[in-house]
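Student: If you want the building blocks of each chain, they are given just below.
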Amino acid sequence: MSSNLQYDAVIIGSGSSGGTAAYRLQSAGLNCLLLEAGHYHTAKTYPRPEADYSAQLFWGGGIEISQSGRMGFLRGRCVGGSSIINQGLMDRFDKVAFDDWRADSGIDFFTEEAMAPYYDAIESRMTLQYIPESYRNRNAHKFIEGMEAIGCKWGILRRGQCDCGTPEGNDCIACLGGCHRDSKQSSLVVSIRPAEELGLTVWDHATVTRVEHRNDGVRIEGTRNGEAFNIDAPRVVLAGGSFGTTDILLRSGFKDKLPALGTRVATHPQFMSFAYFDEPIDAHMGAFQSVKSDDPDFRQRGFKLENVYGQPIGLAMLYPGFGRELHEFMAGYRHMACMEVALRDEATGEIKLDKKGRMRVHKDLTAQDQARAKDGLEVVYSIYDAIKPKRIVQSPLQFCLHLMGGCPIGMDPKTSVVDANFQVHGHPNLFCADTSVFPNAPGINPALTTMALTNKMVEGMLN
Amino acid sequence: MSAISTIFSPRELRTLERLGDIMLPRHGDTPSFSEVGCIEHIDSIAQYAPKDDIASLCMLLRVLSFAPNFLLRALLRATHNPAGFPAPIETLLRLLNFAFRGLLCTLYYSGKTGAAYSGPTPLEQIGFALNRMPRDGVDGSG
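Here the protein sequences come in this chain order: A and B. Position 208 (the first sequence) corresponds to 207 in numbering that gives the first Met the number 0; numbering is contiguous. Position 106 (the second sequence) corresponds to 105 in numbering that gives the first Met the number 0; numbering is contiguous.
Derived by calculation from the structure, the hints in this document are not laboratory data. Heads up, the beta-carbon is just placed ideally off N, CA and C, and yes, glycines get one too. It is possible that some hints are incorrect.
Among chain B residues calculated to face chain A with C-beta under 10 Å, some are [what the hints assert, rightly or not]:
1. Ile21
2. Ile44
3. Ala45
4. Phe65
5. Phe69
6. Leu91
7. Leu122
Every beta carbon over 10 Å from chain B, so not counted as near; a handful from chain A, in silico [to be verified]:
8. Asp90
9. Val95
10. Asp99
11. Arg223
12. Tyr275
13. Pro295
14. Glu305
15. Gln310
Modelling step: build the complete structure from the supplied sequences, incorporating the hints.
Tutor: Have a look at this one:
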C-alpha cells in the first residue's frame, strides 16, 4: 500500500519523545502522523492482570534479554510507549549529568541553565506532585527508617500524576500496567490526546521496517495490521527510544555511513533486594513509590537506591530458586520490604543486527559497574542490618527500564549519529531526540529530560 | 491434558507441565502448577512472544519430552546456577531460565485456573489483591 496521504511530519514512536514532538508540531500547525507498533489502549482497556499486561504492553511479550542472558530489558509497546508502564518519576538532570554529557558530546547547551526553558515548557503542561508523608506505605517507612539509621540522606520523589486516589484506598502499583485513573502523566495523557484534539492522526499496530532519506524528505516503509505501507513525508522524527530507533536505522543501512550507530548503550541496571519481616509490610499497597535516596555521596559513587516492589509474577521472576524455596519466598509476599540499587553504568553496550536481521543487545556490566553494584548492595545490607529483618534475599537478575544510547548525539559523524540540531548527521530531514541520543548514562530517570530535549529539537525544526 | 493450544502441541504442553510441577510443586496447601490448570491459558500469554522464540521453545520441549523428571530437574537447577559452564552453554542456560521461569511463573501467578480447579488461586494464597479505585470521569477501574 502506497500512501497518498500528505503529512508535514511523521513521528515514529509514541513514548515521551514521540508524544512531545507530536504535540508541539501539531500545535504549530503542522499536519502530523504518529506511528506506534503497539495497541492504542485507554484507561478502560489496559489489560488488568499482571500476566496479561506484561504480555501485551511490553516488547518481547514481557521482557527482552541481552545477548549474554544476564540482563532483562523492559520497554513499553503501546500508544504512550514506556511512559505507560513506568512510574512517572520526573527529575531534571543535575550539573554532574550535564557536565558529563557536554564532555562526551562536545555540545555546549548541555547545562542546567541552557536546558531550563525546555524543562519549563514540558513541566508547564503536566501535573507534578510530591506524595505527602501521610500517604507513605510501610515499605517507604522501612526505607526511611533504614536510611536515617545509617545516616544517609533521603528525599521525596517528584512524580507526574494528578489524582492517584491514595486516600480512597487506590493501590498505585496497578499503574505499572497502565493507569486506570488517567492520573499518571504519560505521553498519552499529556501530549497525544491533546494533539489528537488538534488534528493529530495516530496509527497503532504500525511497525516501521525501514526509512530512506531523500532530498525532499523521507520515505517510511512498514506494516500495519499485516499490510505493507509506504509513506513519504518532508520530515520524520525518530522516537522509538534507544532500541527502537537504533533498530530502524540499522535495518535501513545507516551503519555504513555512521559507524557510531548502535554504540554507547547504557541501561541503569537494577538489583533488587528483599527483606522479610514478621509483620505485614504490604509494599504493593497504597502509594507505591514515594521516596528515594538523595545522598550526594551515592551520586559520586555512581548509584542510587530506590524504594520499589513488584507484583507477584515480577517477584517470582526475581527469586533465585525454584520448588519449595520459591513457594516459601512467595508466601512472604505481604511481609517483604524492598529496595533496589540502580547503577549509573558505563555506556559500553552495543545494539547490532544478527544474521537474520534481528536486533541483538550486547550489554554486560563492566568492572566499574560491578564495583558500583557491590558498593550499592553493601549500603542496602547495612540499611537492612539497621532495621533487622528476619532474612534478606538478593535477586541475581539485572533488570533495566532506562534504555539509552545507540544513536549518540555529538559533533563528529565518526563518533556520533545525531548532531546538535538533533538531525541525523548528513540527513537533514531525519530528526531524533529520544533516549537513543543520550551520550552516556545520566544516573537520573530520563523521561523528563527526553521531553525537554524534544522541545529543543522541535524549536529547531520550526525555525 | 485438558489444555487447548494452537501454539503448542499436546506433547510440548505435557513437557511444560512437568517442568511446571518441578518449578512449582505442591507444597502444603499450595497447589502444584498442574493442579491449578493454568496451562489452559498458555495461548493468552504466548501469542505475544516473538514467533522465533516460541518456535525454539517448542523444539526444545519436544526434545525434553523424552527426558525423565530427574533430568528436567537437573536442567532447571543448571538454569538457576549457570556459572561455571562454558560460555555458550552458560548463555543458553540463562536464556532458558528467563524462558521457563517467565512462562511458568506468569501462568501460575496469573490468577487464571483450569476448568477443573476449584481451590484458591496462588494469588489468593499469598494474599495478593489490588484495589483499583475509580476516579470521577474516568471509568477504568474494572
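Student: A separate judgement is required for each hint: does it hold in the structure or not?
Tutor: Structure-based check of each hint:
1. Ile21: 7 Å, holds
2. Ile44: For isoleucine 44 of chain B, the interface hint holds, since the closest Cβ of chain A sits about 5 Å away, which is under 10 Å.
3. Ala45: 7 Å, holds
4. Phe65: 22 Å, violated
5. Phe69: 13 Å, violated
6. Leu91: Holds, because the Cβ-Cβ distance from leucine 91 of chain B to chain A comes to roughly 8 Å (cut-off 10 Å).
7. Leu122: Interface hint status for leucine 122 of chain B: holds (6 Å vs cutoff 10 Å).
8. Asp90: 26 Å, holds
9. Val95: 33 Å, holds
10. Asp99: 31 Å, holds
11. Arg223: Check passes; 18 Å lies beyond 10 Å.
12. Tyr275: 13 Å, holds
13. Pro295: 35 Å, holds
14. Glu305: Glutamate 305 of chain A clear of chain B: closest Cβ-Cβ about 21 Å, beyond 10 Å.
15. Gln310: 7 Å, violated
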